[in-house]
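Chains as they are written, first to last, in the numbering used here: chain F, 1 to 329; chain S, 1 to 336.
Honestly, the hints are just simulated from the structure, not real lab data. Don't take each hint at face value.
One-sided excerpt, in silico: chain S residues whose CB lies under 7 angstroms from chain F [claimed, not checked]: (1) Asp-118; (2) Glu-154; (3) Gly-164; (4) Arg-167; (5) Ser-195; (6) Arg-196; (7) Lys-197; (8) Phe-304.
Note that CB positions come from ideal geometry on N, CA and C, so glycine has one too.
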Amino acid sequence: MHVRPPKNSQSKDFLQMEGIGVLMTCPMFPYLEQELEQRFHLHRLWDFPSRRRFLEAHAGSIRAVVGDTKVGADAELIDALPGLEIVATFSVGLDKIDLGRCGEKGIRVTNTPDVLTDDVADIAIALMLGVLRKVCGCDAFVRSGKWKSGDFGLTAKFSGKSVGIVGLGRIGSAIAKRAEAFGCPISYCSRSEKPHVSYKYYPTAAELARHCRILVVACALTEETRRIVGREVLDALGPEGVLINVGRGAHVDEPELVAALLEGRLGGAGLDVYENEPEAAEELFPMDNVVLLPHVGSDTVETSTAMADLVVANLEAHFAGKPLLTPVI
Amino acid sequence: MTSHPQNDGAPPPLDRRPPPPVLLLRHPTQFSVLDRPLPDTFRFLKPWKSPLPLGDFLSSADARAAEAILTSGMTPVTAEMLRRLPGVRLVVTTSAGLEHIDVAECRRRGIAVADAGDAYSEDVADLAVGLLIDVLRKVSASDRYVRRGSWSGEGEFALGSKLGGKRVGIVGLGRTGLKVAKRLEAFGCAVSYNSRKAKPYVSYPFHSNVCELATNCDALVICCGLNEETHHMITREVLLALGKEGVVVNIGRGSIIDEKEMVQLLVQGELGGAGLDVFENEPNVPEELLALDNVVLSPHRAVFTQESLSDLCDLVIGNLEAFFSNKPLLSPVLDE
């Protein structure tokens with residue numbers, strides 16, 4: 001269910017929120033900045049030469065933090081803001097927020113689920129098509145003028161290939177639905193088997209990788225899922241296998257992945273996330289069996305706007321004493 | 001032509017007669033790319049091995065023995081050729097398109113025609129979807145951005161546009177068009193179409209003219225064949241109706257779109273983007289397109305996957321064997 005908050009809410013508390021200090025951790029979306037600026041007293045962390053200088057000046061007045069996948073709210077920041085009541089992240093991922101610390105201090109946390117599910121699932125399929133059908137490679141081939149001297153080589157068919165999904169949550173399910181339309185048999189692994197799902201379940205990522213051609217990581221990043229794709233899973237996928245990652249860079253042992261690709265032990269990879277963004281596994285740049293995207297999973301105008309509206313609505317609800325729209329804690 | 005007395009005039013089955021002569025206009029690339037030999041159950045006549053020019057070869061006794069023609073999309077089967085080969089009863093093409101075959105003349109002469117059937121339609125549909133997502137979500141453009149080091153140097157890439165909820169018009173709801181429609185539905189697109197006539201078994205909204213379709217859509221996917229009616233069917237007017245954010249994807253034939261007009265509109269910003277596997281004058285691609293980030297270009301290889309080519313080879317052999325065993329063709333071209 002998509003939660004669509006009303007835009008420009010006109011509650012009587014609207015004007016009284018002007019004085020509320022909201023800290024934005026990094027540039028994320030100009031529209032979001034504008035909306036926050038209109039309603040609250042917005043502080044931009046990146047306007048300051050250092051975090052310390054910002055804290056010296058304004059720590060006491062901050063009641064809300066708006067973070068994203070690049071800069072969230074770690075324990076150090078949370079502890080330095082005595083008036084912090086709520087962290088609203090411009091993402092569905094929570095790995096950059098110290099949830100434990102927030103819980104201890106009674107700080108609310110909201111994220112942006114559902115509104116970005118479609119876009120991320122679309123990118124996962126785009127990566128699959130990109131790797132197997134070499135869509136980007138073909139485009140480069142034409143642009144370079146090489147088509148005039150010869151034809152492009154063969155690519156691999158996507159329709160009908162088996163797809164294994166690591167994490168069958170909202171995004172994983174949306175990926176499954178799309179892949180099914182291409183006739184792809186679907187299997188998955190998850191913390192536990194899902195009762196009303198017809199896809200084949202495997203208890204581990206390695207087992208799943210042994211039984212599919214395309215493995216896609218779509219789960220949340222937690223302690224258990226850190227480096228869930230390592231040497232064993234990559235070996236199981238093998239030289240015809242393809243890895244797609246729309247989760248987090250930390251889900252994959254990146255040095256192992258790079259080695260497997262360079263040595264031909266893995267067939268290909270489509271990546272939207274990396275261990276050390278915005279650095280993106282440079283060794284892979286010359287390869288034509290990979291697609292490398294700059295973490296654009298939810299980067300459409302439509303979705304970014306919907307996410308921004310959700311962040312703002314959650315903050316307004318909180319400061320108006322109303323129920324949060326998409327609370328995590 | 002021999003006929004077995006027990007079959008009252010029908011030709012003897014394959015295993016009881018000498019290999020039927022098949023005129024091979026050009027060695028089919030699908031077989032050579034896969035390193036697959038042609039079957040020896042047929043006697044392939046190869047004009048390029050003769051010192052005679054094609055015209056003279058067709059008059060030779062050798063050629064006149066031909067009972068079937070195997071062609072690709074590159075070599076036309078004309079009325080004149082058919083006139084000179086009165087023994088031909090079957091034309092098999094390895095292509096999905098038929099614009100190089102005088103199908104009307106084949107009908108008049110009672111010659112059966114077999115095409116690529118369903119061998120390619122999934123792969124072509126997959127590429128159509130791939131091109132559409134790529135244009136909307138700037139996949140190739142942002143991949144280039146990463147590879148030239150701009151992500152760490154210059155910051156975030158531009159936002160794309162969401163595929164879900166887009167109204168997509170399919171031009172030509174045949175085998176490929178239907179597969180494109182089914183795939184796009186799973187992404188939450190609203191599908192409508194234009195075709196020669198409405199398809200009774202289909203629930204997508206039908207528009208009787210392509211301009212009306214474009215007016216009501218955010219993207220067009222060209223899936224039809226090339227013929228007199230569809231040549232330059234996608235005019236400047238149609239593309240303008242699609243709008244400044246509109247996207248056109250072409251996996252049919254280059255000449256279905258007025259390419260010059262399309263290029264101009266893209267350069268002027270009157271059309272949002274294009275995903276193209278085919279062009280009017282392949283392998284030449286308008287220079288202006290090479291400078292644009294909102295176009296995705298493909299070198300007419302929509303069908304060139306290992307799997308599709310292998311299926312196609314099986315189909316060609318299957319059609320020839322079926323025909324000469326007096327069985328129904330696997331992929332006959334039927335009257336519509």
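Problem set entry | Violated hints - listed by number, lowest first | Numbers 1, 2, 4, 5, 6 and 7 - these are the hints that the structure violates, sorted from lowest upward.
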